[in-house]
Amino acid sequence: MASHFHQPERIEEALRFKQELGEAAYFLAGGTEVNNSKSKAAQAEHLIWLGKLGLGGIKRREGGVSIGAMTTLQEMLESELLHPAIHQAARNHANRNIRNVATIGGHLATCRSCADVIPVLLALRAWLRVATLSGELERDIERWLLGERDGIVLSVEVPDPPADLRVALECHTRTANDVSLITAGVSLRNEQGCMRDLIVAAGGVAASVVRLHEVEAALEGKPLPSREEVESLVAGQVNPIADIRGSADFKRHLAATLVERALRKAWNR
Amino acid sequence: MRFVVNLNGSPRTIEAEAHENLREVLRREGILSVRAGCDGEGTCGSCAVLLDGRLVNTCLLLVGQVAGRELRTVESLSRVRELSALQTAFVDAGVVQCGFCTPAMLMAIFELLEKVENPTREQVKDALSGTFCRCTGYEQVFKAVQLAIERRRDPNYKGFIAPEFREELLHVGKVRRKVDGYQLARGGPAFVEDRVAPGHCHLKVLASPHAHAYIRHVDTSQAEALPGVVLVVTHKNCPDVWYNAAGQGFPEPSPYDHRMFAQKVLHVGDRVAAVVAETEEIARQALDLIEVEYELLPPVLTIDQAKAPDAPILRKAHVEYVAGAPADLDTYNQGADPRDGHIIYQFPIHADPHRNLAASVSGGIGDIDQGFSEAEVILERTYESAQVQCTPVEPHVVYTRMEADRLVIHASTQVPYHLRRIISRIIGVPENRIRVVKERVGGGFGAKQDMVLEEVAAYCTWVTGRDILFRMTREEEFIASRTRHVMRVRIKLGARRDGQLTAILMDLEANTGPYGDHCLTVPMNACSKSLPLLLCDNVLFHVHTYYSNIPPTGAYQGYGAPQGSYALQLAMAELADELGVDHLALLEKNRVRDGSMLEILRCLGEGREGIPQKVFSCGLGPALEQGARMLGWGTPLESPDPDVKIGRGVAIIQQGSGLPGLDSGNAAVTMFGDGTFMLLSGGTDLGTGLDTVTVKMVAETLCTRMEDVAVIAADTDTTPFDVGAYASSGTFFSGGAARNAALGMKRLLFREAAEILGEPEENLRLEFPSKVASRSGCFVTYEQIARYTQSGTGRGQLTATGVFVTDKGSFPYGAHFCELAVDTRTGKVKIRKYYALQDAGTPINPELALGQMYGGALKTIGHALYEQMLLDEQGRCLNANFVDYKVPQIGDLPDDFQAVLIDTDDPFGPYGAKSISEISCNGAAPCIAAAIHDAVGVWMRTWPFTPEKILEALGTLES
Ligand SMILES: Cc1cc2nc3c(=O)[nH]c(=O)nc-3n(C[C@H](O)[C@H](O)[C@H](O)COP(=O)(O)OP(=O)(O)OC[C@H]3O[C@@H](n4cnc5c(N)ncnc54)[C@H](O)[C@@H]3O)c2cc1C
Ligand code: FES
Ligand code: FES
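Which chain is which? The protein sequence lines are A and B, in order. Take 1 as the starting number for the first sequence in my numbering and just add one per residue. Take 270 as the starting number for the second sequence in my numbering and just add one per residue.
Bound conformation, chain A alone (with noise of 0.2 Å):
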């Protein structure tokens, strides 16, 4: 357990206070994952509330939607100015309770491959908005996901989409009250009967959320192929690992099932 609870008024404080402690501190947002009995950073000698840093909060901005780290997944279910898709994504996140007090900050630094709100975040080609010592800047979600995860998030910003742009999400928990096994969010738009604009993000296939370039490439500009055809695309872009839930021929037929699944929704939609 942590002996040190520090609680920084001003980001740079808080930057200053992990740039001190290293390894043996941790930024604390909801605490879901770091106040976790079985976490890694339970063990953690400081921690570095972010609680007063004035974080919270969804606004309204020129062209899109700002949502503060520190705003939990239930309160962005709850926001009118997100996203339908973002709401469905954070519905699957878990349950109330844990919604209630994660935080879409302490999502995006946890970054599970199963991360459930992610996948639409990039369907919906948001971005972060980080704070380092160096300066603020603002940050790729896919470079996030790729590793280059220093500094504090402040925010997502989430851009308007653009009035014909269709979303879709799936995923596979075991149980109703589960992890995501496998995640699908893609976005695309029909353009004359083509698909325009294509992203697909897929979850649980590796050790982060990720877009699958190769499938968005293969069918940017065409027409929506055969479920057969998608369906094997996707699997030959997977590489999921074997666990205890499901082998990896399991986790790579779900993938490519939920993606084709996505796809066809959101064409149809």
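Since no wrong hints were added, every one of them can be taken at face value.
Derived contacts from chain B toward chain A, CB cut-off under 7 Å, selection only: (1) GLY311; (2) ARG323; (3) VAL325; (4) LEU330; (5) GLY333; (6) GLY1160.
Note that these hints are calculated values from the structure, not bench results. Predicted model, so just to flag it, every value in this text is computed and none were measured. All C-beta atoms, glycine included, are put in the ideal place defined by N, C-alpha and C.
Here the structure of chain A is known, so what remains is to put chain B with the ligands in place on it, guided by the hints.
What follows is chain B with the ligands alone, placed relative to chain A:
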């Protein structure tokens, strides 16, 4: 540091460190309702409160995060003796069973109702999506919410809660507020942990990391030297007593093959040492200081490994028999290894431990060969069941202390009297030195029928004189308490073309794990609660149970019947398919009915000759008829989605009502000075409503109000002997005992009233409320009788005792139906409709009976679809937590979930009652498997039916 929070409406200054766990701090502050069921992994929701009006798990929060904020707990809902409308609604709707999860559920719904005036079913599900309840099956929550909404307008609103039975009776068969509802809905104090006094010690166990090993050397000196360590116990200094941990009537059919600590460890998680220390942290540190050297042996995990000719042997024990020793025992014992200790059998159970055989039995009726030769169709199939855990939300926990020179054990147990007996033998003190107080039990489901931890704490308290709390972690609960026996059942059916059965062979192999608790009786029950459902002249069964190094097995609601039922009922579904006849018609043709004579039971006694029984009250006919109607059996099914296929299934089920000739219950009723009564019941209420049953028995028999009967139960100092809560015996035996005690009181009342009124007893009758009246029109009140008997010239305070024993069996019957959808691309199964129709004789508490049915059905839907303990090759459990071991919760409810009580009247049970709970567990696996076949044409012969297995069966995935 000091923190100010707004706690339940007023500011509270809390002395704590900012990084302290909020749940622990709240407990310290006297908020007992924040319970723990998952050791802070955030998966059970038992610790939930409202933080600024939103439901949160306090185990996942630190005090610093909530400083200055508003906390609201269930303690704020009720006043001194008055429950809020929400709380009474919960109790009345039958959704408070063990009550462990109740505070969390209440706060979840409290938040919902603050925000939404008339919530939908989906909103209720969302509100409770993080609350794990193993007892109730959730379904009645929707009614509770409805009731709560109405009661906000009209506090006295009753509404329709459940059907009622027996018009002529006052309390029995009626919806009445559960007698412990008040205590549970308030949030305690009620459970073992609520009883601990400051300054108590903690006990922790060093668990074996190996599945199979000798302890070559153990050094506890460093641990003992650690300041704050009170005692360290290992096999070197514990009592050298071999015993049986199964809470069964003496003499037990289970072998005495436990020692408190043994020189050989037999499963990952087996006890190596115990540390008693001033704090939990010191106890943990001390465990790390114990040095153990193991001599590793290859683990035996499966039935096939256990019975292989060259298998490593778990139990090369020195074998002793109390009765019936075989002639060659001395020769046998020459093969013993002293490090393997002893096994004592009270009587032979056809074991051969030196070959890993824990027990065996065979029996049958008629001539099986003849039966198969008469058959026109023979079907042979094998079915396997997985290891599943009972997962009571409250893990095993015990608090032991000395009171003067006597040992007091506050236990969360199903068998307080067996505990007392077994512990008295281990410690070597008479039973009258030991008091076991059964507290409210946060779920048992069979796991608490066994003595899983009590003897260690009891012994340590006896030796040190210290108060000791011993609570299992969730992981320990998985790997070191009790689970369902793994079984492999080969069924061979012979039938005529018209469906008439000519022969049934049931060849059952079971894996008991490291200990022989229930090793004979659970597998036998798999036969005795499935075979008698089908009328067939030629039946043969074999049972072989093997030792292995998997986590221990034991009793689990249903007690083998779910596995036996799955095999035999699914085989019947397969037979129907093979014969091309309707499954329901095939069941109808072969099923048991009123008046059937169950000869097979003669060979299914528990280690002794059984008693054949005639069936007197069988509700199967109406259950099948009504269920088929509700489901629209036989009507065509259309799926709008080509990827989704729909199917239907059915299974018939039965159980017993206690064990005739073996079980017994006792009770006493005493009259107080104002004519009210105290009932002392031996019965063990696990949240099932047994205390309400016994109170109703007395109030009904004595024509008095339920409030006029107070109850104390299952406190071995105060209340008389009862075998405990298992084998579906509660209502029948404990209820029967209460009724018999009340009948005794009635006779005393007549005697006294006759004297007071100067009338012959034949002229008297009891009249509600609390009067003895005469035909002549005069009467005397109970209060007057009490004053009369308790005066200086009276006969003394009236007390009557009652015992219930019987040689008659009463069997509850039922049919479970389901309709489900299989997603052929993901393999996922969605239950659309699930109907459980069961006869319980007279349902004493109809709303609670329904709750038992919903709970049993949902739990076993979980077993059928999701649950399985996964072990690696070394016998380590890979999913000993709720993140990876998935239990069904409210989001998994069938879309349409209905429990229906079929009215029958039993001639033997008190007021015609039979048992209700265990039977509910027997239908899910076979009826779901049959429906999966109906939907997609594959037979699922091993449970759970996971998506991956279904895709494999469909050929979509390679197996
Ligand atoms: C029971 C349970 C069920 C869950 N179910 C799901 C599920 O269904 N789907 C799913 O996707 N996830 C699930 N999770 C994981 C969940 O995503 C995360 O727990 C949650 O979103 C993290 O948010 P938090 O605010 O609680 O993070 P915290 O625990 O406070 O922090 C998590 C990590 O993020 C870092 N961090 C927090 N905020 C920031 C920030 N602003 N900038 C930089 N770093 C930061 C912390 O240092 C820490 O390393 C579950 C967790 C639990 C305990
Ligand atoms: S104890 Fe808090 S969620 Fe289980
Ligand atoms: S009543 Fe919910 S866990 Fe027992």
